[in-house]
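Number of protein chains: 2
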Amino acid sequence: MDRRRRRRRRRPARPRPGGGHPAEEDRLSTAQPRRRTGRRPGSPDTRNAVLAAARAAFAERGFDGATIRQIATAAGVDPALVHHYFGNKDKLFLAAIEAPANPAELLPEVLAGGTENLGENVVRLLLRVWDGPMRPAALALVRSAVTNEWTARLLREFLVSQILRRVVGTLGLPAAEREARGSLAASQLIGLVMARYVLRVEPLASASPESIVAAVGPTVQRYLTGDVDLPKP
Amino acid sequence: MDRRRRRRRRRPARPRPGGGHPAEEDRLSTAQPRRRTGRRPGSPDTRNAVLAAARAAFAERGFDGATIRQIATAAGVDPALVHHYFGNKDKLFLAAIEAPANPAELLPEVLAGGTENLGENVVRLLLRVWDGPMRPAALALVRSAVTNEWTARLLREFLVSQILRRVVGTLGLPAAEREARGSLAASQLIGLVMARYVLRVEPLASASPESIVAAVGPTVQRYLTGDVDLPKP
Numbered sequence: 075m076d077r078r079r080r081r082r083r084r085r086p087a088r089p090r091p092g093g094g095h096p097a098e099e100d101r102l103s104t105a106q107p108r109r110r111t112g113r114r115p116g117s118p119d120t121r122n123a124v125l126a127a128a129r130a131a132f133a134e135r136g137f138d139g140a141t142i143r144q145i146a147t148a149a150g151v152d153p154a155l156v157h158h159y160f161g162n163k164d165k166l167f168l169a170a171i172e173a174p175a176n177p178a179e180l181l182p183e184v185l186a187g188g189t190e191n192l193g194e195n196v197v198r199l200l201l202r203v204w205d206g207p208m209r210p211a212a213l214a215l216v217r218s219a220v221t222n223e224w225t226a227r228l229l230r231e232f233l234v235s236q237i238l239r240r241v242v243g244t245l246g247l248p249a250a251e252r253e254a255r256g257s258l259a260a261s262q263l264i265g266l267v268m269a270r271y272v273l274r275v276e277p278l279a280s281a282s283p284e285s286i287v288a289a290v291g292p293t294v295q296r297y298l299t300g301d302v303d304l305p306k307p
Numbered sequence: 075m076d077r078r079r080r081r082r083r084r085r086p087a088r089p090r091p092g093g094g095h096p097a098e099e100d101r102l103s104t105a106q107p108r109r110r111t112g113r114r115p116g117s118p119d120t121r122n123a124v125l126a127a128a129r130a131a132f133a134e135r136g137f138d139g140a141t142i143r144q145i146a147t148a149a150g151v152d153p154a155l156v157h158h159y160f161g162n163k164d165k166l167f168l169a170a171i172e173a174p175a176n177p178a179e180l181l182p183e184v185l186a187g188g189t190e191n192l193g194e195n196v197v198r199l200l201l202r203v204w205d206g207p208m209r210p211a212a213l214a215l216v217r218s219a220v221t222n223e224w225t226a227r228l229l230r231e232f233l234v235s236q237i238l239r240r241v242v243g244t245l246g247l248p249a250a251e252r253e254a255r256g257s258l259a260a261s262q263l264i265g266l267v268m269a270r271y272v273l274r275v276e277p278l279a280s281a282s283p284e285s286i287v288a289a290v291g292p293t294v295q296r297y298l299t300g301d302v303d304l305p306k307p
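So the sequences go chain by chain: A and B. End of the first sequence = 307 in our numbering, gap-free, step of one. End of the second sequence = 307 in our numbering, gap-free, step of one.
The shape of chain A in the complex, shown without the other chains:
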């Protein structure tokens, strides 16, 4: 225990990669002051410090820009400890935003259904998650995301890095087209959640999942693989 602590303390404080503008530095240090002393590896304090630093890093730099090393530094712990307790970056991200479900576990089944059924299968999975016991947690995530700019970025990163990337990643498209199609699909999927579960617009709010899959699936399919003018500047 003492040895591990000493090892952590001996790591030189390194400048944060990418520098970052002043607001970002402020935000990171508000979220988690970098004290590098006295944090026990498995304690709830340490865990919470890592999660707070992770939220700050993912919101400021995006999922791709944030690294476990930066997050560990901001939380004052060793990167190996973060890996040990949270696993990889995907899992740390899911823990940080308290994601109600893990798309990495749920999506393979959807993707195995084939490209031609992707739209319907994605809508079916979305409804299965939201109509199940995970709804309160999912609703809390969406509500917190809409409240301010900061939390909105975390939900966007969740959508883009954990869901859309996996869905459109199977289509063998150039990056720009992949992102354009992904963002269109996102607009319909988020809107379905908002209309059915948040605003509760009828008859969508009480309709059977399969009737919604039949109505909305073709839209998502068209956005992902169909003939569509892609949004551009």
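By construction, these hints were calculated from the structure, which means they are not laboratory data. Hints should not be assumed to be uniformly reliable.
Each pair may be met inside one copy or between any two copies, as identical chains are not told apart.
[To be verified] Straight-line alpha carbon distances no greater than 20 Å define the calculated DMTMM-like cross-link-like pairs of lysine to aspartate or glutamate that follow: (1) Lys306 x Glu183; (2) Lys306 x Glu190; (3) Lys163 x Asp301; (4) Lys306 x Asp205; (5) Lys165 x Asp205; (6) Lys306 x Glu284; (7) Lys306 x Glu251; (8) Lys306 x Glu134; (9) Lys306 x Glu194; (10) Lys165 x Asp119; (11) Lys306 x Glu276; (12) Lys165 x Glu179; (13) Lys306 x Asp138; (14) Lys163 x Glu223.
Keep in mind the model is a prediction, meaning the values are calculated, not measured.
Dock chain B against the given chain A, drawing on the hints supplied.
Leaving out everything else, chain B in the frame of chain A:
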């Protein structure tokens, strides 16, 4: 002045039409205790009392269920005063939710474009409002709507009674089909707002309005007039 006050005081307190379950009574009385004394017709206090009573009534009973008479009673003023200061029920509703734009003024142009262009024209109008100076107010409305059940109902009533009803009202459909198509269109329109302006998913967030009209217009058109399986229980 004294005479007007006396006249108001002399109106008998009438029971609220429709009764209402206990929670509703609580909510209405929290929003505005029914004191019927000393409220001057044009004062900001009176105006705010009417708006608070209106928010409570529209959230609890929906746009169709709420009446100006009930709202006036809850605010302790004469219904004629509400008509005088706010106009009709539509305008009172827009004032109560601080709507950034009046669909009754904006939609006729969209509807005049013909049924076959309805999808594209609705998306174009949505983007014009949200890309213009009204965005902060519109964003505030959406953010407040998502925060809790109570305000979500107000945004739903705004969407349904002020926007969808006018858009699908031109299509000459049976009521059930009108509502089903309207709720599908709502899911795409709300999702576009969420993806572009709230979560800022790229490239949708920075794309030109016309490229989005071309991509998303056909979806809304299909929901409104096309071949679509309608959501059902």
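Consistency of the hints with the structure:
Neither within a single protomer nor between protomers do Lys306 and Glu183 lie at most 20 Å apart by alpha-carbon distance, with minima of 32 Å and 26 Å respectively. Taking the closest pair of Cα atoms, Lys306 and Glu190 never come within 20 Å of each other, the shortest separation being 25 Å inside a single copy and 24 Å across copies. Taking CA atoms no more than 20 Å apart as the test, Lys163 paired with Asp301 passes in neither setting, with 35 Å inside one copy and 44 Å between copies. Taking the closest pair of Cα atoms, Lys306 and Asp205 come within 20 Å of each other only across two copies (16 Å); inside a single copy the shortest separation is 34 Å, beyond that limit.
Neither within a single protomer nor between protomers do Lys165 and Asp205 lie at most 20 Å apart by alpha-carbon distance, with minima of 24 Å and 36 Å respectively. In this homomeric assembly, Lys306 and Glu284 come within 20 Å of each other (Cα to Cα) only across copies, at 9 Å, whereas the closest approach inside a single copy is 33 Å. Taking CA atoms no more than 20 Å apart as the test, Lys306 paired with Glu251 passes inside one copy only; the shortest distance there is 10 Å, against 34 Å between copies. In this homomeric assembly, Lys306 and Glu134 never come within 20 Å of each other (Cα to Cα): the closest approach is 25 Å inside a single copy and 42 Å across copies.
Proximity of Lys306 and Glu194 under a CA criterion of 20 Å is satisfied inter-copy only: 17 Å between copies versus 26 Å inside one chain copy. For the homomeric pair Lys165 and Asp119, the shortest alpha-carbon distance inside one copy (19 Å) is at most 20 Å, but the shortest distance between copies (53 Å) is not. For the identical chains of this complex, Lys306 and Glu276 are inter-copy neighbours only, at 10 Å across copies versus 33 Å inside a copy, given an alpha-carbon limit of 20 Å. In this assembly of identical chains, Lys165 and Glu179 lie within 20 Å of each other by CA distance solely inside one copy; the values are 11 Å within and 49 Å between copies.
In this assembly of identical chains, Lys306 and Asp138 lie within 20 Å of each other by CA distance neither inside one copy nor across copies; the values are 22 Å within and 41 Å between. Within a single copy, Lys163 and Glu223 get their C-alpha atoms no closer than 22 Å, and across copies no closer than 34 Å, so neither meets the 20 Å cut-off.
The structure is inconsistent with the numbered hints 1, 2, 3, 5, 8, 13 and 14, although it conforms to all the rest.
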